[in-house]
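Asks: So the chains spell out like this:
2 protein chains.
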Amino acid sequence: MVLLRFFARPSRNCLRTYAVASPSTIFLSTFTRHFHSTPPFFQDTATEMETVNTTERLSQLRGFMKDHKLDIYIVPSEDSHQSEYIAPCDARREYISGFSGSAGTAVVTLEKASLATDGRYFNQAEKQLDTNWELLKQGLQDVPTWQEWTAEQSEGGKTVGVDPSVITGSDARKLLEKIKKKGGAELKPVKENLVDLVWGKAKPSRPMEPVKIQPFEYSGKKFEDKFEELRKELEKRKSLGFVVSMLDEIAWLYNLRGNDIPYNPVFFSYAVITPTAATLYVDDSKLSPEVKSHLGDAVTIRPYDSVFGDIEALSTELTQTKGVETTPKKFLVSTRASWALNQSLGGADKVDEVRSPIGDAKAVKNEVELEGMRACHVRDGAALIEYFAWLEDQLITKSAKLDEVDGADKLEAIRSKHDRFVGLSFDTISSTGPNAAVIHYKPMKGNCSVIDPKEVYLCDSGAQYQDGTTDTTRTLHFGEPTEIERTAYTLVLKGNIALERVRFPKGTTGFALDTMARQFLWAEGLDYRHGTGHGVGSFLVLNVHEGPIGIGTRLQFSEVPLSIGNVISDEPGYYEDGKFGIRIENMIMVKEVETKFKFGDKPYLGFEHVTLVPHCRKLIDTSLLTAEEKAFLNEYHTEVFEKTKEFFKGDSLTLDWLKRETQPY
Amino acid sequence: MVLLRFFARPSRNCLRTYAVASPSTIFLSTFTRHFHSTPPFFQDTATEMETVNTTERLSQLRGFMKDHKLDIYIVPSEDSHQSEYIAPCDARREYISGFSGSAGTAVVTLEKASLATDGRYFNQAEKQLDTNWELLKQGLQDVPTWQEWTAEQSEGGKTVGVDPSVITGSDARKLLEKIKKKGGAELKPVKENLVDLVWGKAKPSRPMEPVKIQPFEYSGKKFEDKFEELRKELEKRKSLGFVVSMLDEIAWLYNLRGNDIPYNPVFFSYAVITPTAATLYVDDSKLSPEVKSHLGDAVTIRPYDSVFGDIEALSTELTQTKGVETTPKKFLVSTRASWALNQSLGGADKVDEVRSPIGDAKAVKNEVELEGMRACHVRDGAALIEYFAWLEDQLITKSAKLDEVDGADKLEAIRSKHDRFVGLSFDTISSTGPNAAVIHYKPMKGNCSVIDPKEVYLCDSGAQYQDGTTDTTRTLHFGEPTEIERTAYTLVLKGNIALERVRFPKGTTGFALDTMARQFLWAEGLDYRHGTGHGVGSFLVLNVHEGPIGIGTRLQFSEVPLSIGNVISDEPGYYEDGKFGIRIENMIMVKEVETKFKFGDKPYLGFEHVTLVPHCRKLIDTSLLTAEEKAFLNEYHTEVFEKTKEFFKGDSLTLDWLKRETQPY
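First to last, the protein sequences are chains R and D. Residues 1 to 665 in the UniProt record's numbering are what the first sequence lists, from first letter to last. Residues 1 to 665 in the UniProt record's numbering are what the second sequence lists, from first letter to last.
So here's chain R without its partners, still in its complex pose (with noise of 0.2 angstroms):
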């Protein structure tokens, strides 16, 4: 899956994207699948791409809005835990605006209302805002930024309000600095959420998804032992105790998985770890007897609500406590925590807003997670396999009809069926021709594309299993590529293939590795605009929010380097618009590599890869490829037979496919 500029954060357009909150008895169900049936949620507000009528909501909300003395009020797009997917309830822009991409903003004032959103969303937009809404499109020349147009809207002392819960410090304070700077008066932090009490009686209510184990046997640490070293941690920084608001950071940190987010294992939650104490905020309704025990007398659990005041209490206990000291000490939250928290702690003075050392631990895998990592490609890439000889298979032996959902929805029923399978990680991306060459495409039943054997197909996918999480793409022909595609589709193998094999001495970041990706294609003057490789979780979040690592030219891949045990995409790519697109992505994982020589008596690190699918052998055009390319091809095309093959025993179909697609050069 890609990382763009912006979180992909589900749209409207697909609705399988969000989580219903129904309650579930069984966790292992797929938890993804059974969306394809279910109505949308939002039937009382929108249809599909259709114009919603605000009118009435934002009358109510001025009337809110005055109550509580606010001239401008802000509704961001984020969940209190700065969640890259989001639940129903937390859909709050989408209900106040109607417009229902995955990134925008909307901004209220006593007259008038905005909504700003990327590119991406121009069309969508402009469709479903009615005529009390401008649109911002971010990004074009003379166009404000949503905060540039608060902070016109504030002059003359004008007062803004936001739900601090929904907004991070740091966002606040920037936007607090242009308010202020065009003579705005104040950006007031609001608890009550006023979306919310318009939205009244409608609004969903919060998942309440049962909260499970996720064992040693995959896990591959105790929590005790996560919460020694994170101590040490806050002992090094001289923290007072770390505030953890991210929910896949205290999946991780706990040893717990839930299902409150749909593709995100995770479970609303907040928790404080002390150097003394460990308390974790979660609604006990979800916590079955054994998870309590597994918690044991180690963690004290609170209401997931009680969050606030607790922290409250006990940042204004332990500084006065151990106020006599000389050295400030303080709380430590992550960069993403909310304003809220950092006000509920006592703001900058007894915050260090910093990035999350559990992020970083939690990125670093240990070798039970490492080989979880590998046991679930081998599964997974025989799913793919399979789904990949059937499509042939159903396009040209069988003339079938299929729709790119129709492919995906076999790739799924195939994943389903292999062990530890949980759900997807993420909406399937099954593209044919130029669906392909948008980036973040997302098939809709009734409003897609029927597969064309004669154009490209791209297919992005993965899925969450007990052991790990998967994430490839692999760009197929069923019929005659045109030379560009062949060659383009080289190009961006060629880049894989460097990346993979790229050794670099311990110390080195993503952001110095990128170039290894891009060569080949810029030699041709070709680009892709993402990124090169980002973070995986072990049976957790994928993309952005995995950890402080990524290949690509973001500057914060230049602050932390790669580490063994890491484990990140790698996937290049090219794009015609509206002709095709091809993505080749492999999950590979950091490990320490001999080398002749060791300068400077530092460990040399590689990359082992993980994802185990043939690469397409009508899109190679081997002509461009060099003796070594074409020997690490044949390795790994052998290492794909003799891995997979046991799977489909009987099943002569995609035997014969995979023996063919896994020919030596």
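To be clear, the hints were calculated from the coordinates, so they are not data collected in a lab. All of these numbers come straight from a predicted model, not from anything done at the bench. Among the hints, a few may not be true.
[As the list claims (entries may be wrong)] Residues from chain R that face chain D, not an exhaustive set, calculated with beta carbons under 8 angstroms: (1) Val502; (2) Phe504; (3) Ala512; (4) Thr515; (5) Met516; (6) Leu526; (7) Ser558; (8) Thr595; (9) Lys596; (10) Lys598; (11) Phe599; (12) Tyr604.
[To be verified] Here are the simulated distance ranges between beta carbons: (13) Ser563(D) to Met208(R): 51 to 61 angstroms; (14) Gly119(D) to Lys174(R): 34 to 44 angstroms; (15) Glu480(R) to Lys602(D): 23 to 33 angstroms; (16) Gln141(D) to Glu367(R): 23 to 33 angstroms; (17) Phe122(R) to Asp297(D): 51 to 61 angstroms; (18) Asn366(D) to Thr131(R): 52 to 62 angstroms; (19) Gly119(D) to Glu367(R): 35 to 45 angstroms.
C-beta: ideal position from N, C-alpha, C; glycine also.
The hints should help you fit chain D onto chain R, whose structure is shown.
Replies: Frame of chain R, contents of chain D only:
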């Protein structure tokens, strides 16, 4: 010349690097050569590497500190222009401490004195510092930085003083922050330099070398046109004016050159450019009637020392006159401008510290400058070829005993015969065997090694010509290289070639390209601890200060993309302490390249080499080269031969050497 983490400023080890302040009427004299026979100008203070008795100087300094009510006084290494090389009159830190290394800061309290320097100079500092001084070995664990040491000494409300003209505004702010944290009272700018008071009449006078015109045939752009572009930039940034403090920026802007600082053809000056006026602060005695006529009515000349008073008055006048406007208007200064300049302008409210727009413009060479670069590299290449042929003949055929300085002198003598030669661009690194592993090695007559024909010989040198600046490194072997020497040389060469051959879309930075040069070394567990490329001026400064661009892992190189017209070095290396060192350096220029495709309608860029000196056949292991690399080398060597052969008519020794070294593989 290599870009290390530290600036390379001349050390006392190498007396030749200091300019002698003697007026010269012949501008085109070789302003470095005659230093060889010049006695140390600090004869009164220190002989080579001997301990200096500073008791009396410190006692006097403390007297002056008390007069100014200072408890602590900081003596940085820098001059008022943050120049990379300094004139003798600015070597205050050396005078007060006795330590003559290029990098270091002295901090003197009423009781103690400390000298902070980095790993390159620990031995030298230990020898040169007397018992009055504590050595702060920067970079070692548990050793405070000089700022931390100062802060500790300032506890209890002490006052710290510094000459604000030799510290940047941002360095002063950071120091003040540290002091305040430790309970220090104040960082006091003391305009009178207290070391100068101690130094008294023994202090060398400020150089007063004549300023010369850089004619249009070499500059390629009239200064009036440069003014116009700068003024457009001022308008865009809504700035009142730009106060220019970097000497190379002033020389470039006015198409003038000087002779005040060794190796850098600059002159002591400041400049102020406003939308309507241009003032050059330089002592009148340096300006000939020709120069005054060149500047004409467009430029007001004012004495060097009057800049602070003038800009204070200017700032008061302009900000009062324009005070009625709503847009806050400020002056621009470089982030490397002194605290004194900042203060004179009125501090943070009146000053925007920015990456210098002149630095940005200067880094993009025009066609005339690029042509000059090409032309001077042909002559410079011929000089190096003649030198290497001579050296081999001397060492092998004639079995001559030559030391490293003999070699450097001969090379300079050969260079000086060539058209438009002005002087060296830095101290020649002429190093044999283990000395080649010392990245900034500088041989000193009487204390350097005899060149061993059985060892590697590394020569990093360059010259200033009126039409351009050169900087070339070649590593040679006159006998039988070892296997590791050949392997390392070939891997370095492969990196050098890969970087030159890379193509990249407009917008790519030097940070992203660094790995191209290291990848082959990394694959074998090898690396080098310096940057890969630095900018170079046109008959101006090279190394860290030339332009905002560079190739390497410094974060600053991720800020500014490479642009057509940039000239930059390509110099990977490999060093084995105590054994040998390898570096291969070409100057390369950024140009637009033709590519088969043009994704995103962006120009694709690549490099053109200008350095023309053969690579060492004996050190190349051709089994490590691809067919493409061999073809590339053959083409390069043919070009070197064709472009330089005309210089060797009647010089069969050189011509034979050149033919042998450039024959095809």
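Asks: A separate judgement is required for each hint: does it hold in the structure or not?
Replies: Against the structure, the hints:
With a least beta-carbon distance of about 6 angstroms to chain D, the hint placing valine 502(R) at the interface is held under the 8 angstroms criterion. A hinted interface residue such as phenylalanine 504(R) counts as satisfied when its beta carbon comes closer than 8 angstroms to some beta carbon of chain D; here the least separation is about 5 angstroms, so the hint holds. Below 8 angstroms, beta-carbon pairs count as interface contacts, and alanine 512(R) has one with chain D at about 5 angstroms; its hint therefore holds. About 5 angstroms separates the beta-carbon of threonine 515(R) from the nearest beta-carbon of chain D, less than 8 angstroms, and the hint is met.
Interface restraint check for methionine 516(R): the shortest CB-CB distance to chain D comes to about 6 angstroms, inside 8 angstroms, so the restraint holds. With 8 angstroms as the threshold, the beta carbon of leucine 526(R) comes within range of chain D, its nearest partner Cβ sitting at about 5 angstroms, so the hint holds. With 8 angstroms as the threshold, the beta carbon of serine 558(R) comes within range of chain D, its nearest partner Cβ sitting at about 6 angstroms, so the hint holds. Hint on threonine 595(R) holds. Least Cβ distance to chain D is approximately 3 angstroms, under the 8 angstroms limit.
Interface hint status for lysine 596(R): upheld, as the beta-carbon distance to the closest one in chain D is roughly 5 angstroms, under 8 angstroms. Hint status for lysine 598(R) relative to chain D: holds, with the closest Cβ pair at about 5 angstroms, below 8 angstroms. For phenylalanine 599(R), the suggested interface contact is upheld, since its CB lies about 5 angstroms from the closest CB of chain D, less than 8 angstroms. At about 5 angstroms, the closest approach between the beta carbon of tyrosine 604(R) and any beta carbon in chain D falls short of 8 angstroms, and the interface hint on this residue holds.
A hinted range of 51 to 61 angstroms holds for the C-beta pair serine 563(D) and methionine 208(R), which are about 57 angstroms apart. Range check, glycine 119(D) to lysine 174(R): Cβ separation about 40 angstroms, and the 34 to 44 angstroms hint holds. At about 31 angstroms, the CB distance of glutamate 480(R) to lysine 602(D) agrees with the hint of 23 to 33 angstroms. The hinted window of 23 to 33 angstroms between glutamine 141(D) and glutamate 367(R) holds, with their beta carbons roughly 31 angstroms apart.
About 54 angstroms separates the C-beta atoms of phenylalanine 122(R) and aspartate 297(D), a value consistent with the hinted range of 51 to 61 angstroms. For asparagine 366(D) and threonine 131(R), the hinted distance range of 52 to 62 angstroms is satisfied, since their beta carbons lie about 54 angstroms from each other. Judged by the Cβ atoms, the range 35 to 45 angstroms given for glycine 119(D) and glutamate 367(R) holds: they are separated by roughly 38 angstroms.
Hint check: no violations occur; every hint is consistent with the structure.
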